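Chemist: In order, the protein sequences belong to chains A and B. For reference, each letter of the first sequence is one residue, going 3 to 266 in my numbering. For reference, each letter of the second sequence is one residue, going 18 to 289 in my numbering.
A hint or two may mislead.
Covered by chain B, per the in silico footprint, the following chain A stretches (three or more residues, Cβ under 8 Å) [claimed, not checked]:
1) 24-31
2) 35-47
3) 176-183
4) 186-195
5) 199-212
Note that these hints are calculated values from the structure, not bench results. It should be emphasised that the depicted structure is a prediction, and the values quoted were computed from it without experimental measurement. From the three backbone atoms N, C-alpha and C, an ideal C-beta is built for every residue, glycine too.
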Amino acid sequence: MINAYWQVVKTSAHEDAANAKRLIAGVSVSVIRIGLIAAIYGVAYRKLNHASLPYANAIWGIGIYFGLILNLGLRNVFKIVNHEVSTGMVEVGLIKPLDWRLTKVCQLIGKNGLEFLVGLVAIPCALYMFVGLPDTSHISIVVVLSFILLTILAIVAAASLFLTIGLSAFWLNDAKSVYRLTDKVVLIFGGGFVPIALLPGVVQSIIRYSPFGVYAAPTQLFNPAMVANLPATLISAVVWSVLLLVFCQFIWARVEKRIEVNGG
Amino acid sequence: MANFFKNLKHDTHIYWLSLRTQFNASAALRGAFITQVVGMVLNNSALILAWLFMFGYFGNINGWSGYELIGLQGINMFIFGVVMLMSGGLSDDLSTRVDQGSFDNFLTKPVSVLSQVASSSVEVSAVGDLLMGLGIMIWYAAYAHASLAGTLLFLVVVFEGCILFWCFFLLLPGLLAFYLFDSDRLVRYLASLFLDTSMYPTGVLTGALRTVLLLVVPGLFMGAIQIDILRNLHWELVVVGAALSIFWLIVSLWLFKRSIRRYESSNLIGVR
Numbered sequence: 003m004i005n006a007y008w009q010v011v012k013t014s015a016h017e018d019a020a021n022a023k024r025l026i027a028g029v030s031v032s033v034i035r036i037g038l039i040a041a042i043y044g045v046a047y048r049k050l051n052h053a054s055l056p057y058a059n060a061i062w063g064i065g066i067y068f069g070l071i072l073n074l075g076l077r078n079v080f081k082i083v084n085h086e087v088s089t090g091m092v093e094v095g096l097i098k099p100l101d102w103r104l105t106k107v108c109q110l111i112g113k114n115g116l117e118f119l120v121g122l123v124a125i126p127c128a129l130y131m132f133v134g135l136p137d138t139s140h141i142s143i144v145v146v147l148s149f150i151l152l153t154i155l156a157i158v159a160a161a162s163l164f165l166t167i168g169l170s171a172f173w174l175n176d177a178k179s180v181y182r183l184t185d186k187v188v189l190i191f192g193g194g195f196v197p198i199a200l201l202p203g204v205v206q207s208i209i210r211y212s213p214f215g216v217y218a219a220p221t222q223l224f225n226p227a228m229v230a231n232l233p234a235t236l237i238s239a240v241v242w243s244v245l246l247l248v249f250c251q252f253i254w255a256r257v258e259k260r261i262e263v264n265g266g
Numbered sequence: 018m019a020n021f022f023k024n025l026k027h028d029t030h031i032y033w034l035s036l037r038t039q040f041n042a043s044a045a046l047r048g049a050f051i052t053q054v055v056g057m058v059l060n061n062s063a064l065i066l067a068w069l070f071m072f073g074y075f076g077n078i079n080g081w082s083g084y085e086l087i088g089l090q091g092i093n094m095f096i097f098g099v100v101m102l103m104s105g106g107l108s109d110d111l112s113t114r115v116d117q118g119s120f121d122n123f124l125t126k127p128v129s130v131l132s133q134v135a136s137s138s139v140e141v142s143a144v145g146d147l148l149m150g151l152g153i154m155i156w157y158a159a160y161a162h163a164s165l166a167g168t169l170l171f172l173v174v175v176f177e178g179c180i181l182f183w184c185f186f187l188l189l190p191g192l193l194a195f196y197l198f199d200s201d202r203l204v205r206y207l208a209s210l211f212l213d214t215s216m217y218p219t220g221v222l223t224g225a226l227r228t229v230l231l232l233v234v235p236g237l238f239m240g241a242i243q244i245d246i247l248r249n250l251h252w253e254l255v256v257v258g259a260a261l262s263i264f265w266l267i268v269s270l271w272l273f274k275r276s277i278r279r280y281e282s283s284n285l286i287g288v289r
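Isolated chain B, as found in the complex (with noise of 0.2 Å):
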C-alpha cells in the first residue's frame, strides 16, 4: 500500500510538470494564445445565440427558459474547460497514437501510460471555455438565488459531471482504438455523440429517454441535473451521480488496462 502511495505521489508530480511544460509551449505564442482563447468566447456566445433564438420561438419548454439554456451552457463550457485542459492529450492523440504505432513511447517510460498520454498535449483554446463557463455559472448562481446547501451539491454534482465527462468523452471512445484500426473519426463520432448529450438542453425531456441520458449516457450530469438542484435540491440525484461517476471511473481505468494489452508496436511506414 506504501508503494502505491508512494507511485501515486510520483506520477502525479511528473502529470504536473508534464502538463505545465505543454501550457507554456502552448502560450508561449501569445498571439495564437489569445486568439484561441477569444475565439472560444466568441464560439460559445454564438452557440447559446442559436439555442435563445430556438427558446424565443418556442418560450418556456418544460419549465426550462432561456435563462437555464445560458446556464446548462455555461456549466457544460466549465467542465468542457476543466477537462480538456488537463487530460488534453487524450482528446485526439490517444487514437492517432494507437493506428500509428507512436504508442510506443509511453510505454518505454516507469510513468503511469494514462498520465503521460493525458499531459501529452494542452488544448489551451479549453481556457476560454473555462473562463466563460465559470462567469456563466456564477451568474447563474445568483439568478436562481441558490442557497448555500444548494451551492454546495452544485459543486460536488460538478466534480462528477467533471469524471463521467473525462470517461466518457475522452477514455472509453478512445479505447476503440486498440479493437478497431483507422477507428479515429468514429472516436471523434462517439465522443461528439456524448457531448451532444450533455450540449443540446436535454433538460427538457421526460420519460424513458431521460432515464438514457441519465443513466446509460450521462449527459444529463454535464449541466442539466446542476440546474434542476440549483433550483430544487435534488440531493437524490447528486448520490446518482457520485454512484455512477465511482462506477464508470473504475470501469474506464479498468477497460484501459485491458487494452492496452491489445497494443501490437509496429514500426511506422508513412506513404506520401
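So that you can see chain A by itself, here it is in the shape it has in the complex (with noise of 0.2 Å):
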C-alpha cells in the first residue's frame, strides 16, 4: 500500500519537473522575498546594541518558514479538497482503492517536492549571502534531533489542519473564509513575519501551548532560548498533532455518513 502512495507521489513529482521555468522563478522569488524581510530587519538591528536574537538567526529562522514549511505547501491540501468537495469530484476519488485523503496530500507533496529540495539548498545559499552564518553554539544532536522530529509533527499536523478545513466544505459549500482565517493567523504565529523570539514573553508561551506551536516550533532552530524550552515544545507539539489528526479522522467519518453519492 506505501508503494501506491509513493507512486502517486513520483507521478506528481514527474509534472513539475517537466516545468524547469517554474521551478527556478518559484525558488527565486522564495529567494527575493527573504531578501526583502532581510533587508527591513536589517535596518531595525541597526540601532540596537543588544538583541536576545542576533540578526543572522532571525532571519535564517524566518528562512526555514519559507524553505521547509511555505514551499512545502501542504497548507495548499485546503484548496484541492475544497475544490473537489464544491464541484462533486470527491464521489469520483473516494471509489478508488486508495484513502483520498492521503491522496490528495501525496499529489500535494509530490507536486511541491521538487521545489521543496531545489529550495533546501537555494535558501541557505542565499541567507549565507544575505546575512553570513547564524550562531549555533547552542545546537546539540539532541536540538537537531527535535528539530527533524518537530518538522515531522509540523507536517503531520499542517496536513491534519487544512485537511479538516479543506472538509468543511460539505457543510459550508465553500471554506475559503475559514481558510483565510486560518492561514493568515498560522502565518503570523508561525514565525513568519515576525520571528517568535522578538514576540512579548506571554506571547510566546501562549504560541509554544497552542496549535500554532507545532507549526512554529521548527523555526526556532536558531534561537538560543528555544533549548530550556525545548521538552515543553516537544509535548505540546505531539499532543496538538495527535488532536489535531483524531479531529481530521472524527471529522472524515461525519462527512463519509454525510455523502450522498449521484449517478451520472
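Take the two lone chains, each set in its own frame, and fit them into one complex as the hints suggest.
Modeler: See the structure below:
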C-alpha cells in the first residue's frame, strides 16, 4: 500500500519537473522575499546594541519557515479538497482503493517536492549571502533530532489542519473564509513575519502551547532560548499533532455519513 | 473617436451589470458573506498585531513607529479591497482559464475581454479589507493632523496606488499564463511578491532598495508613500506616482492585447 502512495508522489513530481522555468522562478521568488525581510530587519537591528536573538539567527529562522513550511505548500491541500468537494469530484476519488485524503496529500507533496528540495539548497545559500552564518553554539545532537521530529510533526499537523478545513466545505459549500482566517493566523503566529523570539514572553508561551506552536517550532532552530523550552515544545507539539489528526478523522467519519453519491 | 466612446460606454455598462450580479450572487448566502467579511477583519487585525510586536521590540525604525505601520496596513487594505472588489475575476481566474482552455467564453462576446474577465467573479471578503482600511485611513489622517492639501494629495496617491496594484498584482502576473503552461502557482508567487513589498514595513528602507521599490516594483505606492505624503507633503512623489501609473497602465493593457493573440483555443479534457 505504501508503494501505491509513493507512486502517487512520484507521478506528481514528474509533472512538476516538466516545468523547469516555473521551478526556477518559484525558488527565486522565495529568495527575493527572504531578501526583502532581511533588508527590513537589517535596518531595525542596526540601531540595537544588544538583541536577545542575533540578526542572522532571526533571518535564518524566517528562512526555515519559507524553506520548510511555505515551499512544501501543505496548506494548499485545502484548495484541492475544497475544489473537489464543492464541484462534486470527490465522488470519483472515493471509489478508488486508496484513501482519498492521503492521496491528495501525496499529490501535493509530489507536486511541490522538487521545488521544496531545490529551495532547501538555494535558500540556505541565499541566507548565507544575505546575512552570513547564524550563531549555532546552542545546537547539539539532541536539538537537531528534536528539530527533525518537530518538522515531521509540523507536516502532520499542517496536513491534518488544512484537510479538516477543506472537509468543512461539506457543510459550508465553500470553506475559503475558514481557510483564509486560519492561514494568515498560522502565518503570523508561525514565525513567518516576526520571529517568535522577538514576540513578548506571554505571547511566546501562548504560541508554544497552542496548535500554532507545532507550526512555529521548526523555525526556532536558531533561537538559543529555545533549548530551555525544548521538552515543553516537544510535548505540546506531539499532543496537538495527535489531537489535530484525531479531529480530522472525526470530521471525516461525519463526512462519510453525509456524502450522497449521485449517479450519472 | 465617437465610436470609441460609444464602445467604452457600452462596455462599462455591461461591466457594472456583471459585477453587480456577481456581488449579489456572492452575498446571497448571508451567513458565508458575513463570515468572510468578519474573518478578513480579524485576519488583518492579527497581521497588524504581529508587526506591532516587531515595533514593540525595536522601537522607532527610521522615523516609523507602530502608528505609521497601522496607517500603512490600512491604506494597503483599502487599495486591496477596492481593486479586488472591482477586478476579482483577474485574481486567480485568468491563469486558470487560459491553462484550462475556458478563456474561449470571453472571446466570443461583443464586449471588452478584459472587463468580462475582471467582472467574472467577486472577492466578497474584500469588503472586509475595504471597510477596515477606510476606517484606519481616516483615523491615521486625523492622527497625523493632515492638512487639506495633504489629504487631497493623499487621495490622489491612493488612486495611483490602486492603478499600480491592479497592474502588478492582478494583470501582469496573470499574463504569464499566455506564455507558460501550468503557470497558476507562479502567478500566485509573483503576485504575492508584489503584495509583500507593500505589506511589509518597507517604508523604513533607504538607498538602492528603496529606489527599486519606488520605481521598478513600486510596492511603496501601496501605503508607504501615502504615509510620507500625509506627514511631509512630498508633492514630487505624487508626480512620480502619476507617471508610473500611466506608464504601467499603458504597458499592461498593451501587453494584454498582445498576449491574447498567443491564446490557442482548446477542447477541455479532464482526467480524474
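Chemist: Each hint: holds or not?
Modeler: Structure-based check of each hint:
Here's how the region 24-31 of chain A fares: 4 of its residues keep a CB closer than 8 Å to some CB of chain B, so the rule of at least three is met and the hint holds. Note: the region 35-47 of chain A has 8 residues with beta-carbon separation from chain B under 8 Å; the three-residue rule is met and the coverage holds. Figure legend: the region 176-183 of chain A, annotated as covered by chain B; annotation consistent (6 residues with Cβ-Cβ distances under 8 Å, at least 3 required). For a cut-off of 8 Å, the count of residues in the region 186-195 of chain A with a CB near a CB of chain B stands at 5, and the three-residue condition holds.
Coverage of the region 199-212 of chain A by chain B holds [criterion: at least 3 residues with CB-CB distance below 8 Å; count 4].
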